[in-house]
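S.K.: Generate the whole structure from the sequences, applying the supplied hints.
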Amino acid sequence: MIDVDSLNVSFGQTSVLESLSITIQEGKFVGLVGPNGAGKSTLLRSISGALSPDAGQISIDGKPISTLGSRAQSRLVSVVAQDTAPAFSFSVRHFVEMGRTPYRSKFSPPDERDRQRVDDALSRTNTTQFADRSIDELSGGERQRVVVARALAQNTPVILLDEPTASLDINHQVELLSLVADLTAGGKTVVAAIHDLDLAARFCDELCLLADGSIVDRGSPAQVIETTAVERAFEIPNVVTRNPVTGTPSVTAIERPDEPSSLPDRIHVLGTGPRTARLLTILSTTDAELSLGPVPPGDIAAVTASDLDMSVQQAPAFSTLDAQHRHTLRSSIEAADAAVLVEETAAIPIEAVSGQLRTLPTAAVIEEDQSKSTTREAMHDVVLTDDGTSDTVLDALTALSVDSTSDTATVSPSS
Amino acid sequence: MELRRRVLGWSTALVMVLVGSIVVSAAIGPVGIDPVIVAKSILNSLSIPTDIHTTPATLPFVEWTIPTPSVSYTPLFGFDVHGPHESIVVDLRLPRIALAATVGTGLAAAGTVMQGFFRNPLADPSIIGVSSGAAVGAVAMLAFPAFFPFAELHLAAFVGALATAGLVYAIATDGGRTPVATLLLAGVAVQTFLGAVISYLLVHSGDSLRAAVYWMMGRLRDSTWGDVEFTLPFVIVGVTVLLAYTRELNVLLLGEEDAHHLGIDVERTKLLLLLVSSVVTAAGVAVAGIIGFVGLVVPHMMRLVVGPDHRILLPTSALAGASFLVLTDTIARSGPVEVPVGIVTAAVGAPFFLFLLARKEVHAL
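First to last, the sequence lines map onto chains A and B.
The first sequence runs 1 to 415 under the UniProt record's numbering.
The second sequence runs 1 to 365 under the UniProt record's numbering.
What the hints contain is simulated information worked out from the structure, not anything from laboratory work.
These figures come from a predicted structure and were not determined experimentally.
In this text, a Cβ means the ideal position worked out from N, Cα and C, and glycines have one as well.
Among the hints, erroneous ones may be present.
Unchecked claim - Estimated spans, in silico, between C-beta atoms of each pair:
id: 1; chain 1: B; residue 1: 244; chain 2: A; residue 2: 245; range: 54 to 62 Å
id: 2; chain 1: B; residue 1: 304; chain 2: A; residue 2: 126; range: 31 to 39 Å
id: 3; chain 1: A; residue 1: 170; chain 2: B; residue 2: 267; range: 37 to 45 Å
id: 4; chain 1: B; residue 1: 304; chain 2: A; residue 2: 140; range: 24 to 32 Å
id: 5; chain 1: B; residue 1: 304; chain 2: A; residue 2: 14; range: 43 to 51 Å
id: 6; chain 1: B; residue 1: 206; chain 2: A; residue 2: 108; range: 56 to 64 Å
id: 7; chain 1: B; residue 1: 177; chain 2: A; residue 2: 178; range: 35 to 43 Å
M.R.: If you want it as structure tokens, here you go:
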């Protein structure tokens, strides 16, 4: 439907898009994601014909857009801008009626078909009740729906949206994007620049990740939204998890830690529950190799660990550790340069051995096995007593790896 | 359709106001004339074209004779009116009134278009330097008539106005695009420069200083039917073209990029709107001098009353502009000493506008 072929756009000396090519299938809702300045809006404006590219060609439905007049362009592409803040008080109906401009001759009043399209657009966007109100009396969310109604009245095969939800509340964001996603069911092709990755992943059929004017990755949301691609595009450590409510990828960017001078190379984490999950995400921003366990399958820590691609030892919940699991745990801890016990974690199996663990973390596990006493000396333990910030956790770990004589560092809430 | 009914209703009402203004204006003067006699005289002066024939005419400079169409008119009415009164109304007062109505129509229509075009409530018809250009042409001619052996004042002002508008447009255009902000700033800069030129010309204008200053204050005095004949065609054609572009103007109010996405050829439409409103303004200013405020305030007044939709705003503003200038000019000439009409438009228009503002808050265009 939309063919972008080696597109180059620059503003003055600054090159914004560099030989960018992309093909977008009919009936798809494609989200453009990427950091500010990646070229999302520029790409949209090039497709709509508002910008003339320096080089390259864009065709829609096989028609090269640059050879078309604005009237012909506007029958192929309609645009919903970020925020159409009206500096005027047209009625909603009149505003939506302007979507019929590309079809109307100079002097004719709107005909029956125009009126029909406008009515349809109003009802599909659930804005019929505002039809006679002035557009500047509407809230931001209502107004964006009216702008979508205008795009619908324009009856184009392609609809472009530039940050349509940027200034909306969460309820209106979801309302608007599900409305837009529904349009593709009617055969429309939708391309939207959306800076909210979670929203984009949730509503788009396909994502296109842009950075520095070229495409970093492209595919289904689950393919595109993964840690390394997101880090490459946005240059920030991040954790991609699966949102338990929507089942779609969810990105959490993490503040880049002040590079710790030396962390243990390999860290084993014992713990369950949200606090452990949080610790894992903090540690995942470092170079340290991480392992977790034992945890019951399905625990948030286990889910997070597998989202983060670390090795996880799983053990059944509500039971003591059998010999096999004890052995695995012991070898994990021995293999690690530091072990971290997250205290007061909720569930089994940590509870099963908690009697010893609470007083002498990690080491107790080892000693219970009557094995090498040297292990304990090689071990560095961190007890995360409460929500430590990433900095305090990392500082404690750094201290441990520098001063190998101490056994246990306790990280308390930063005061 | 509701809109059509509103346009028709408002236009009818405003035409009636205009007719009333014209009759009242023609009745007032050193010799008071009964409005009925005024109406009869005006009706007597109406005629319709009944015959077109060609007469040979010789072009100046070259010895070519070409057939020129000329039109015969037949009067419509034949009321019996006391001679001098009819002559006072038709020959003395009516040209001035007709010119005021014509210029008022043009200025108000051009002002409406400029405000919509620039999406700026402070825009007026001369925002791209039309009035300053006209003033340079007129003052130069008044101060140094020797340099203008052939031209007349109208023509000098008209050419000055259009040359300035063209210059501003050319300065602001780059690579086929004319950003409105650049146009606005180029207009301000050129106006400032021309202000210096005008001041210089005034300093050196000697005996014609008074005439020049009066011209710049707006001058409907001593208007002739010839003045009306000069301006009226431009205003009729121009305003008609502008009326055909009201829908585009509405869409342009959404912003240029939105307008482009709605299928408007933005740069072409801008050029056309700018050109036509400049010509209309220039045609008015060239004969009547600089009459400020009409083009700025009348559109605002009408916007407060009928709303921002140009399909109704433009025709009503044009009609209201006509009445406004006829009435203010009547005031200008009925005092003990006649004052330039520009003074009256500002003195009457500003308080009236403030009164409207106080009654209805203006949020935006």
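S.K.: Take the hints in turn and mark each one as holding or not.
M.R.: These are the hints, each one checked on the structure:
1. 244/B to 245/A: 54 to 62 Å: Check passed, 55 Å falls within 54 to 62 Å.
2. 304/B to 126/A: 31 to 39 Å: Since the Cβ atoms of residue 304/B and residue 126/A sit about 32 Å apart, the hinted range of 31 to 39 Å holds.
3. 170/A to 267/B: 37 to 45 Å: holds (40 Å)
4. 304/B to 140/A: 24 to 32 Å: For residue 304/B and residue 140/A the Cβ distance comes to about 26 Å; the hint holds.
5. 304/B to 14/A: 43 to 51 Å: About 44 Å separates the Cβ atoms of residue 304/B and residue 14/A, which means 43 to 51 Å holds.
6. 206/B to 108/A: 56 to 64 Å: holds (59 Å)
7. 177/B to 178/A: 35 to 43 Å: holds (38 Å)
Violated hints are absent here; each numbered hint is respected by the structure.
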